[in-house]
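Asks: Sequence:
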Amino acid sequence: MQCDLSDVTIRLTSPDDDVRREAVQELSEWGSEEAVRRLAHALGDPCPAVREAAVEGLAGLPGETVVPHVLPWLRSESAASRNAACQVLEEAGEAAVGPLGELIQDDDDADVRKFAVDVLARIGSRTGVPFLISALKDVNVNVAVAAAEALGEVGGAGCVPALTEALKAHSFLRCTIARSLGEVGGGESVEALCELL
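Taken in order, the sequence shown gives residues 0 to 196; the numbers are from numbering that gives the first Met the number 0.
In case anyone wonders, no lab produced these hints; they're calculated from the structure. We treat Cβ as the ideally placed atom computed from N, Cα and C, and that holds for glycine. Careful: at least some of the hints might be erroneous.
Label pairs and their computed distance ranges (CB to CB) [to be verified]: (1) CYS174 - LEU4: 48 to 58 Å; (2) GLY59 - VAL18: 15 to 25 Å; (3) ASP105 - SER77: 17 to 27 Å; (4) LYS167 - PRO129: 12 to 22 Å; (5) GLY97 - VAL140: 19 to 29 Å; (6) GLY157 - SER31: 37 to 47 Å; (7) PRO160 - GLU33: 40 to 50 Å; (8) PRO160 - VAL18: 47 to 57 Å.
With the hints as extra help, turn the sequences into a complete structure.
Replies: Have a look at this one:
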């Protein structure tokens with residue numbers, strides 16, 4: 000059923016959670032740029048059911064369309080809205096890798112960089128590995144640790160030299176890198192682990 004955008008806009012501001020949720024569900028059938036923008040705005044709704052409807056609606060649309068509207072929610076003060084944005088970005092998959100990588104490399108906010116690393120890890124794409132490797136050098140310890148953990152999960156043998164280099168440069172990463180090298184496995188990982196002893 001096609002809905003009237005002006006009617007949906009009015010219902011998105013309703014004090015009734017169910018009315019807002021239904022409006023969000025209708026919007027997800029549109030797929031237009033304006034509908035995507037309004038769906039992304041619903042990630043900030045105070046009602047969990049409305050946010051979940053927005054996540055479901057956005058997850059069903061092409062990632063290239065959705066990602067630019069969802070990325071700003073990584074800055075939200077609301078943990079629920081940030082988590083909803085992370086879910087959508089994870090569902091966007093490969094379409095989110097480049098934009099998340101740009102945040103890792105360029106964003107001034109360490110929390111945003113950390114969220115971007117976490118989402119890249121959950122996406123699990125090898126395309127994101129260079130961004131995760133660059134995050135090993137992040138000045139914020141939480142970002143660097145998250146990157147080391149993520150590389151253990153998705154980096155493969157190709158990330159062993161970067162993990163080994165980070166191991167030498169940052170003693171605070173020793174435990175995390177040791178665990179990641181163990182997850183990666185292989186001869187180079189064993190060699191790097193032996194150097195730790």
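Asks: Which earlier hints can't be squared with this structure?
Replies: none
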